[in-house]
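Q: Sequence:
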Amino acid sequence: MQRVLVVEDSKVVQQVLRHLTAQYLDVAVDFAWSLNECKDYIEKHKYSLALVDLTLPDAPNGEVAKFTLSHAIPTVVLTSKIDEYKRQQMLELGVIDYVIKDNRDSYHYAIKLVAQLLRNQGCKALVADDSVLSRSLMKQMLEKQLFDVTDAQDGQQALEIIKSNPNIKLLMTDYAMPLMDGFELVKAVRNFRGRDDLAIIGLSGAGKHGLSARFIKYGANDFLTKPFMNEEFHCRVMQTMEQLSLIADIKESAYRDYLTGMYNRRYFYQYAEQLLKKQQQNTLALLDIDFFKNINDTLGHEAGDQALKQVATLIKTTFSKFTVARVGGEEFAIILDDIDTARGREYLEGFRKKLAKHEFLIDDKPFSITISIGVADFQNTDLTQAMRVADAALYQAKNNGRNCVV
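Each residue of the sequence shown is one higher than the one before, counting from 1 in the working numbering.
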């Protein structure tokens with residue numbers, strides 16, 4: 001589980017950072033005021049990342065950053081001022097980046113940087129360059145940014161690696177390479193990996209005019225001229241990956257139900273259509289909360305929302321291995337993939353009993369809820385037909401007195 005440590009002695013700055021971490025980070029965050037308190041936290045917990053002030057009353061010369069780095073904690077530094085000596089000091093220490101505390105936007109940048117670095121953990125990157133020294137340098141710099149890095153010595157090798165590794169999210173490619181140059185590599189990759197799925201940054205030496213525009217026209221997201229400063233490399237990579245993350249968030253939100261956090265009808269239909277291509281038995285189930293209108297009419301719509309969210313949570317935890325979605329007001333759908341209808345009914349009957357016994361809390365008062373479930377075989381048939389069968393079964397369950405599986 002990811003965890004972040006923030007070390008800052010200013011009450012005002014720490015208050016700002018607490019607000020921003022709550023807004024942008026979905027991980028545990030601990031706050032320390034001093035080097036000694038930082039040491040206490042590190043004895044108790046394992047940290048994915050540290051954001052530390054370079055100068056503290058009990059650590060005026062960057063001792064906090066030295067301490068976190070000595071415990072193999074990737075570290076971002078906050079500093080009120082920067083000069084060439086401090087810059088070299090921080091680079092030699094091995095910090096990921098430094099942020100100058102000169103305005104409120106600095107803290108936004110710092111926390112968004114931490115958020116992106118946490119996303120980078122486990123993210124795969126590929127460096128394609130025929131220079132051993134250049135490959136090694138970029139590999140080290142990307143690993144410092146928490147990427148899982150692979151390298152290739154030419155465009156052809158890079159193309160084969162990307163074809164066999166769909167999880168690669170970042171490609172850094174030089175222009176001049178044997179067998180296949182950077183342009184040809186980018187064009188080939190864009191035939192099967194889009195800009196919203198794989199970020200590409202082109203590279204080339206100084207003095208080669210027009211390469212940046214051609215790289216971007218062929219499908220690269222950005223371009224860097226060699227030689228580059230550490231900070232420039234870091235900022236370009238972070239900015240490119242942040243754009244990729246934003247696109248992923250937008251796409252994810254388009255597939256999510258705003259109230260329950262479940263997948264929505266749109267995603268469910270797309271997933272189901274893909275599943276039909278597999279030669280396996282599947283079970284489709286439609287679940288409907290019994291007498292849900294009564295909850296809304298007697299307790300109000302806010303109470304109804306509470307009921308929906310709690311039922312959704314129980315469905316998600318019970319069927320965590322399967323695809324579940326909210327497809328209507330009080331209606332949910334589940335696909336039990338690679339599960340035949342007989343076994344599917346057993347799963348669903350067990351869940352029906354579990355939910356009927358569950359004590360829900362609506363406005364902090366105990367409340368009982370039941371559901372009716374319609375089941376259909378989901379193999380060698382189109383989705384519309386399967387949904388029609390499940391819906392008819394659900395209708396029959398309602399006619400049978402509700403709180404049953406048909």
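Keep in mind that the hints were calculated from the coordinates and are not lab data.
A hint or two may mislead.
Mimicking DSSO-like on lysine-lysine, the simulated pairs with C-alpha atoms at most 27 Å apart in a straight line are [what the hints assert, rightly or not]:
hint, residue 1, residue 2
1, Lys46, Lys124
2, Lys139, Lys11
3, Lys44, Lys11
4, Lys187, Lys44
5, Lys293, Lys277
6, Lys217, Lys251
7, Lys187, Lys251
Q: Evaluate each hint against the coordinates.
A: Hints, one by one, checked against the model:
1. Note on lysine 46 and lysine 124: the hinted pairing holds, with a Cα-Cα distance of about 23 Å set against a maximum of 27 Å.
2. At roughly 38 Å between alpha-carbon atoms, lysine 139 and lysine 11 are farther apart than 27 Å, so this suggested pair is violated.
3. For the given pair, lysine 44 sits about 23 Å from lysine 11 by alpha-carbon distance, which is consistent with the 27 Å threshold.
4. Simply put, lysine 187 and lysine 44 have alpha-carbon atoms about 50 Å apart, too far for the 27 Å limit, and the pair is violated.
5. Distance hint between lysine 293 and lysine 277 is unfulfilled; the C-alpha atoms sit about 38 Å from each other, more than 27 Å.
6. Restraint check for lysine 217 and lysine 251: the C-alpha separation of about 24 Å stays at or below 27 Å, so the hint holds.
7. Distance check on the hinted pair: lysine 187 and lysine 251 sit about 24 Å apart at the alpha-carbon level, within 27 Å; holds.
In summary, the numbered hints that this structure violates are 2, 4, 5.
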